[in-house]
Each structure stands twice: as C-alpha cells, then as structure tokens.
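Number of protein chains: 2
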Amino acid sequence: MQHLKHCQGLAQVFLIRNQSSRLSKSVIPSLSVWDGHLSCRWRSTGGHGRQKYFNNRLPKFRFALAGLLAGTGAVFAYKLHQDKVQWAATSAQLRVTQTSDLPVYTLEEVTKHCSLDSGVWVTYKGGVYDITEFVSMHPGGDKILLAAGGSLEPYWALYAVHQQDHVLELLSEYKIGVLNPESYKKQESANPLDPYSAEPTRHPALQINSLKPFNAEPPASILSDNYITPSVIFFKRNHLPVPRVDPEAYRLEIEGLPGGVVSLSLSELKSRFPKHTITATLQCAGNRRSEMNEVKQVKGLNWGIAAISNATWSGARLRDVLLSYGFGPEVAAKAKHVQFEGLDKDVTGTAYGASVPLNKAMSEEGDVLLAYEMNGEDLPPDHGYPVRVVVPGVVGARNVKWLGKIVVSDEESKSHWQQNDYKGFSPGTDWDTVDFKSAPAIQELPIQSAITHPAEGTSVDRSDGEVTVKGYAWSGGGREVVRVDVSVDGGKTWHVAQLRTSDQEQHPAPPPPPGRAWAWKLWEIDVPIPQRAQELEIVCKAVDSSYNTQPDTVAPIWNLRGVLSNAWHRVKVKVSEGF
Amino acid sequence: MQHLKHCQGLAQVFLIRNQSSRLSKSVIPSLSVWDGHLSCRWRSTGGHGRQKYFNNRLPKFRFALAGLLAGTGAVFAYKLHQDKVQWAATSAQLRVTQTSDLPVYTLEEVTKHCSLDSGVWVTYKGGVYDITEFVSMHPGGDKILLAAGGSLEPYWALYAVHQQDHVLELLSEYKIGVLNPESYKKQESANPLDPYSAEPTRHPALQINSLKPFNAEPPASILSDNYITPSVIFFKRNHLPVPRVDPEAYRLEIEGLPGGVVSLSLSELKSRFPKHTITATLQCAGNRRSEMNEVKQVKGLNWGIAAISNATWSGARLRDVLLSYGFGPEVAAKAKHVQFEGLDKDVTGTAYGASVPLNKAMSEEGDVLLAYEMNGEDLPPDHGYPVRVVVPGVVGARNVKWLGKIVVSDEESKSHWQQNDYKGFSPGTDWDTVDFKSAPAIQELPIQSAITHPAEGTSVDRSDGEVTVKGYAWSGGGREVVRVDVSVDGGKTWHVAQLRTSDQEQHPAPPPPPGRAWAWKLWEIDVPIPQRAQELEIVCKAVDSSYNTQPDTVAPIWNLRGVLSNAWHRVKVKVSEGF
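Order-wise, the sequence lines are chains A and B. To convert, take the position in the first sequence, counting from 1, and add 31; that gives this note's numbering. To convert, take the position in the second sequence, counting from 1, and add 31; that gives this note's numbering.
Next comes chain A alone, as it looks inside the complex (with noise of 0.2 Å):
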C-alpha cells in the first residue's frame, strides 16, 4: 500500500489521476477509487476501546479486508445491525449536517491536515473531522489517508458501503469544525460527478446486490430458459465503476515477452489473429453464497444460485497472440503465470487483476480467448467492452474485463483478488486465523449445480401426479456434466434427468473433446410426486467426467469468504390436494 507522506490537496489528488494512469488516455473517464470498509465488528465503543481493538486486529484486517470488500457493497450482506446497535439514524445525520457551535475552518486549513504528522483531517457535507486517531483504525487500511486534507465525498461515492447510518454515526465522534461556506462552495464545485453516472443501462429484470459497483443476477425462473443467456441478463459481477473505453484510443499492452513491450489496438486484435468461437459458462466463486449465510453470516454479496450464466464468446486465442510476439521455450523455461490487469482502476492506479496459470494460457487445448464479442455482438460494457480475456473452465474473477494489459510472469498477480481474496478455506479458519497464503488462488472451480424449477416455497399439484424439476449443472476444468440425480425425497432416492447442450430448438452440440467442456448442462427431469407427501424436499446433485460429485451439505464447505458454495442444491415446495 502507498503511503502518503507529503500533502497534496483533494483537487490535486484528482487532477493527477489521468497522468498517474499509464492507460488513461483510452479510459473516460479513469477512475481513482478508494477502497475502504468497514467491519462487522466495528461497535460504537468509545474511542479508546475501538483503538485497542482495531490495533490489535489490524494486521489482519489490512490482509483480509483491504481491498477484500472492495466494490462489492459486502457491508450490505454484513448486515452489521446483527451486533444489536440501533443507531439513531436521523440524528446522526442531523449532528453531521447542522450547524452548529464549533470552529470555523477554510479549505486551506483543511488542506493543511493532511498526513499522520499534521493530523489528518477531513470534510464532509461541509463539516470538518479529525479523523487522526481513527486512521489505524481504519479496516481498509491507510489509504484512508489518500482523502486526508480534503473531502471524503469523492470516495464514498464509490462505495455505496460508506453510506449507512452507522458510518455516519462513528464519524460524527471526530467532528472538530464546519467548513466556511466559501470554502464548502468552492468544494462542492470541485468535487468529481458521482463516479457510477456514466454506468450502462440494465436489463429490469436483474436482482441487483450491489448497485455500486453494479453486482446483479438473474431471477433463478428465467436462467434455464435459455441455453446460450442473453447478454442482457447475463449475471453482471463488477468490482469498480465501469469504464467507458474508447475503441479506437484502446490499446491492449502486453508484457514480459523478448520483444519487449507489445501494444495492440482492437482493430489489430481483430485483424491479425484468427477469430476462434467457444461457448462457456462463467461463474462467480460466490455463486449460492446465500446458502452459506444461512449456515452463519460470511462476508460477500449475497449472491442467489444464478451467479453463473453461458454465452459464446469470439475472439483470438490468447495462445496465438503470445506466440505472435515472441512466447517461445526461453520464456517458458521461466514464466508461469499470464496476469491480467482491467482498465477498472482503484484511486492508487492500481488496475483489477488476476492470473492464470502459463499452461492453461498457452494450452492448445486451453481455449483462452481475448474475447472481443459475446453471443455474436460487441462485448457489452458490463461484460468488459471492448476486449475481455475468457478463461473457459475458471473462476469468473480471472476472466479480466475491459483488458489493458497482460503480463507474461514468473509470479502470480499481485492484486489483492489474486492473493487475498478467492480463495477457500476450512469451516474452522475464521478471520481471527486466517492466512490467505497458505490457499491456491482458485482457478477451476468444483462440480455445480442448481435447481432453476421449481421455487422454493410454491406447491405442486398432486393431480398432475408429476413435478418437472429443471435446472442447470457445470464443473469447472472443462470437466464435462456427466449425470444429474434428482431426488424429491430429501436424497433418500434418485432419478437421472435428462441432460440438454442446447436451445430447445436447436441440434444439440456435439460432445466436447476431454477436457473441454466449457459449457453448462441443462437438465430436466418429470419426478413422480410420492403418494403421502405432503411436500417435497427437491435435490439436486451432478457429476462430472473425473466423477467429482457435490457435498451433501453447506456447513461443512462453509468458509469466512462464502465462496465455492456446491453443496446439494434443495428446494421445498407444498404438495396441494388441488379441486
């Protein structure tokens, strides 16, 4: 983390940001991004209390929270009103707006306060804190310091995170001064347009879990209608603000080849290397987290079952680029990642990222894409327009979108979603306990799957004397679905459904090569509803080609991340006599 020793005013911090940005010129606008968060565990103790108990637990926090949260509007899931503090919501608002009786500040006061040696001290809707005590405290780290001397608006516009009650509460406490109103004027003048302004329009029908970054999914009713999703309601898994890429300013950087730097602009992309074509699902590592907050609360989006969707996706093989530019036995005698960086920047610069391991990169049978459509249009900006990289088979996090730069590297990627973050551990590992380097980034993703009909909580017609379950099942590693058991007893016994790799009114596909199944199954099954039921307990359960099956249950899969969540899939629903 950068620490910011020398003062720079909160102008001057957003008037650098497009220098500070090696890939600022096809970006409108780059983006400078704070990351900062809160805890579940932040009480309104008094402040010596709280100092002890954030200096004890920060080394951690910093690794496990900082960044860790970042855009994902986590705080929403923490619902942090479980510590059983009522703030008083209104009031807290009110002692931070009002007028009041204390000291008159400038800006240039402010602007003064601006490191740990000065103080640090910040404004907000014109009053003006002292948030020096506070910084160490800070979960998110020190680059709370990056707002010191000047407005935190800026940054709590990016993380909608910031903007409950209780945070405005624990700020009132530093509360030391207003701002004169020329100052708080010429502030507001300067400060930036809400950083989510420029956010593509979405589909109504997408559950939204976090609006800013935008994290959306589609109802669970309309997932397996179609085999190829819509892009339109294609589950949207966005860590920051999306940037908007000029097509023709693009160019896709590429590092750590003999040549030396590569920069590629999309029509060269397009032009130079075959167009090659894969349909493959993508999921979210926290896809069915909800499932887990049911076992005990973990941090993350409270993702449904339907953070996962297929499409088709055309662009050049990864493969081909790298060896146009020089990838041959010298650079594979050293590297073993390929890290991908976003144009999606955090307020240090620092991009979104994530690698691959080198062999699924380069991989004949890898089929990693710089993708630049998806079911056969322009990549959607929420989808990474105007290149993304597609990983077929891994994790949704290390499928990179609005792709800036990729990194031929002996080392993993060092962002924080790399190394602390995706990651799954033991039901027994807590926060308290965690150490992110002892566990492998993922990358495949384990055997899933889902039941898309019926809805939990809906009945059944005994007089229809069936119920047709249906669903969706994918594993990750181009291992192919092999078998989906269905039971309406709670898993006491089990019935194949029938398996579907296309539209309805499509041939199906042909069978994939070993290995390279990217694509989801759906299935479908007509169960006999039993004769004295009075309601079902659906499961589902898949297996793959290396006949990897799914746990029975959550709480022992459960992890502090809720990531990786395929246990079972159960549904209940009422068995009604009808008339």
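Hints were generated in silico from the structure; no laboratory data involved. Keep in mind that the hints are not guaranteed to be accurate.
Same chains, same names: a pair is fine if it fits in one copy or spans any two.
Unchecked claim - In silico DSS-like links for lysine-lysine, alpha-carbon gap of 30 Å or less: (1) 306 to 365; (2) 468 to 501; (3) 468 to 523; (4) 468 to 365; (5) 216 to 306; (6) 603 to 327; (7) 501 to 445; (8) 367 to 306; (9) 156 to 217; (10) 365 to 445; (11) 523 to 243.
Please build the complex by placing chain B on the supplied structure of chain A, with the hints as guidance.
Okay, now just chain B, sitting in the frame of chain A:
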C-alpha cells in the same frame, strides 16, 4: 462372444491355445481363461423356474456380468448365503463324486456333445453332466460352451469363483452319468496345471481379497508409514493370472501409426528413448468398496481403504515413443484414443485391455510412461513385468500391466473392462436398469482421503489429551491435494491437518507444476480430545486444487459396482479413562 458351433475336444482347446495367441511367443505359459461366473441371484429353485428366471434376465446379465467379474473372484464378495440358502456342502460334494447307478460314458462319447445342436455335456471329477439347458442361464454368457464336450476343471481352476458348494450343488442337478475309469484317468492326465501355479510369492502382510486372480491390499495401519509404498506391499489388482514374460522374447507392438505395426524389444524401449521418472499414486476404482457394501451389497472385491499406493515409476514417455514412430498431425486429426492390451488373456485370446483419451497420452504434461521400473527396480511380476503403462492421475484399471500392444485409434478399447465395467452410475440404477453405454469410462478419479490411524474400534487414552490422526489424500487428473480437514466429533468442527510429500527423513518434494500432482499426500494432526466425549467419530475430508470436495455420506454415491467410493472416511474410537 465367440460361439463354438463345431466340436473340438477339450484337449484340443488346450493344444491350440498357444497358436491362438498372437503374442504368445513371449508368454510362458499363455493362458486360456474362461470367464464364466455366478450371480448372487442364483437360487436352488427347480429347473423350470430357474430357466424362466434366467431367460428373463439373461440379456442384461450378459452385458452386466459377462466378463464383469472376470478374474475378480467377486463371488467371494457376493456372500451367497445372504439368500439364506444353506447348502449341504458335504452331501453335494458326495453326490458329484460318488459312484452311482447312472450310465457310464467314454470320453469320446462326451466329446461328441459339444454344441447346442448335439447337446452340451461336460465332465467334473469323473461325473458327466448335460448342461444344455443351463447354457442360456449361465451368467457368464455362452463362453461356457468352451468347456462343451470336455472337462470343467481347467476353467474352474482359473476362477476360484466356481469352487463353492452351491455351484457343485447346482451342477449335480444336471448329472447324467460317469466317465469310465480309463477315460477319467486319461482326462486327468491331460488337464493342464493350475494356471496360477506360477504366481509370484507375495508378502505375508498383504490382506488377500481374492487369491485367483490375486487381489490384495496392505494393512491400512502400515499404508501411510511410507510416502513411497514399498513394492512388496503396494496393492495388487490382477484380473487374470500373472503372465510370466521372457524379457528377451518380449515385444511391444504399436499399431495405428502411418508406418505400420512397430515391434519394439525391451532393450530398444530402454535404449532408444529418454528415461523419465515420476512419482504417481495408483488407486483401484473399487478402493473403499467395503463402505458401499455396508449401505447395500454391490458386486466386486470387498476392498478396504488400502487399494491405493504410491510409487516412483521410470520408463519411456509414451508421447516420445509415438512421436518417434510417426505420430503426427494426420494421426491426431483422426485418432481420439490410445488403447492398451496386456499379455494377460482370457480363453478367447482376448487380452486385458483399456484405453485413455489421446490428449492424455500425447500431452507433454500428461506424463504417461511405458514404465519398466518401479521404485528403482525392474517392475515386479505383479506390477506388470517387464513393461506397464502408467497413466498418472487416472484410475488403476487403465494402467495396463504386462503391456503387449498399443493401438492409436479413433475408438475406445472394446474391452469389457472399458465398456461394461469401471463406470459410475446413480444410486437409483440397478442391474435391471443399468445401461453401460450411458456412462463414460472412468478415467480421472475424484478427490479421495482416508484415515489410516487410529483404527476403527480401538481406544484412545483421555490422559493423552490429544489423539493423533493420520491418513492419505489424493485426487485424480493431477489435481493437487491442497487441504485435509479432520474432525473428531463426526463433522461438527474441523481442524486442518499437516500435509507431507516425502518420507519423514527426506526433503519434501518440490511443488508439482499445475495439473501434474500425480502423487498422494500423507497427512497428520493431533486433535484435542473433547472433554466429555466417550467416543470419537473421527472424520477426514480432502480438498483438491480445483476445490473439489468429498461427499459427506456413502449412500448418495452408492452404485451397483461399488466404484468411486470417496465419501468422508469415518472411524470410531472409544475414549478410555486410563489408569
């Protein structure tokens, strides 16, 4: 299956056996093997009822059982007494062998009844039996006709499965006469030696699941004492008698390459290609089948948890060999599989066989070896001397021993073991509904782990404060074991075990490249004994690099062949209060 429509004396069958074997020159002795079997449904009902029973089921039995149990000694596991038929063993034996008032036949008369047209007579210990009616009921299919007109003994010698009282009882129902003394004496002298008489000496520690063919596992308690399993206690899984191969006469044939059939001597294999060494774990598909048997009886050897072992293997890379003899793009465009044939053959001359996908065989990262050394020495006879294929990450059954032939093909092996065995099915699939074509041949195995210490039913001393738990963990497909969770309270709370990748006095092995973790990990942990626990239910579950996990329980993965048994392993021990 081969129908024998014309008569040939039993002696002739044995005389021609060497000529019928294309590879017989190097096989001493080559073996004629009959894969007739018995079903656990075989009851002592009247002939008509039995006929009807088998007629109804025979087509399925043929697919399901013909050869299915070949050489598995599986009927040992059938425990036919589960049918609650108590056979009068002694009296049955007497009825078969005693002199009687039945007609006396010469061997020549028997020999004439060697087809369905002429009637099917066989002899056993001087008795003559007309089994014409039984042929269609024989679960092993019409291979029973190979014994027509002659003696059963050579076939029954091959498969100990027949040497049970109820088989003799059944046979006795078809008795029509006795051989005259001269014929009997002549026949006895013509009968070949026990095909298993030349089996190698085995280590006394091995726990034998079937003697003929030999199938055995080491005691679980010593399995994890060594990271590299000593060859003598490495689990043995033979489908047929061990062929004794003369290394000077040995030839490995390779078909399916542009230059025609290649014939390679052992010294050529060793001298023409670089020698590579890998450490790889092999596991039988039936490992831990006994736990499935506890849920509901399955067909197959009743393996415990030790049908898995780890060794170093040295040999030529299959890839290098195939490339050297003309494998190139034009072959790759057509071929999809590489088939292997052993020198162990059944009576029709059909070799034990299996195949693996071409991409596994040819990938630089597949590490498929034509191995001639195990743990630094020549392969032992039980492990395929002089050459076996080692397909790391893939089920033992594809690691063909006594390798005689390699065929590059557009088709999978037609072998029974590839087509109608070693496949997984839903728990709801039974022998009446199974369709072997509906499931893929097992290749990569799923994540696995088991507890080798303490043993079930033992005690731990409360005063020790802790219980030391040890075991192994492995996953197929080169997926590295990344974590093993251990519980002593039946899965309520979990502890993370220490993993080990070498013998204790050795340096740990360097981490394998991604997707090439062929060797198991041993693990160990000291877990505190819960204060009030009278009994501990110790449980382990492993996680691989694709974050696949083991299912919680056995019943939902139960399948009619009892393969792929990889639920959490559970061991119960008492807590003793000590003195």
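Here is what the structure says about each hint:
Proximity of residue 306 and residue 365 under a CA criterion of 30 Å is satisfied in both settings, with 29 Å inside one chain copy and 24 Å between copies. Taking the shortest Cα distances, residue 468 and residue 501 sit within 30 Å of each other only across copies (24 Å), while inside one copy they are farther apart (39 Å). Taking the shortest Cα distances, residue 468 and residue 523 sit within 30 Å of each other only across copies (25 Å), while inside one copy they are farther apart (40 Å). In the homo-oligomer, the alpha carbons of residue 468 and residue 365 lie at most 30 Å apart inside one protomer (22 Å), although the nearest pairing across protomers, at 45 Å, exceeds that limit.
Taking CA atoms no more than 30 Å apart as the test, residue 216 paired with residue 306 passes in neither setting, with 53 Å inside one copy and 78 Å between copies. Proximity of residue 603 to residue 327 under the C-alpha cut-off of 30 Å is found in both arrangements, the shortest distances being 21 Å within a copy and 28 Å between copies. With identical chains, the CA atoms of residue 501 and residue 445 are never at most 30 Å apart, being 41 Å at best within one copy and 35 Å at best between copies. When the C-alpha separation of residue 367 and residue 306 is checked against a cutoff of 30 Å, the pair qualifies both within a copy, at 26 Å, and between copies, at 25 Å.
Only within a single protomer do residue 156 and residue 217 lie at most 30 Å apart by alpha-carbon distance; the minimum there is 12 Å, versus 111 Å between protomers. In this homomeric assembly, residue 365 and residue 445 come within 30 Å of each other (Cα to Cα) only inside a single copy, at 18 Å, whereas the closest approach across copies is 43 Å. Taking identical chains as interchangeable, the C-alpha atoms of residue 523 and residue 243 are never at most 30 Å apart, the minima being 44 Å within one chain and 38 Å between chains.
When the structure is compared with the earlier hints, violations turn up for hints 5, 7 and 11 and for no others.
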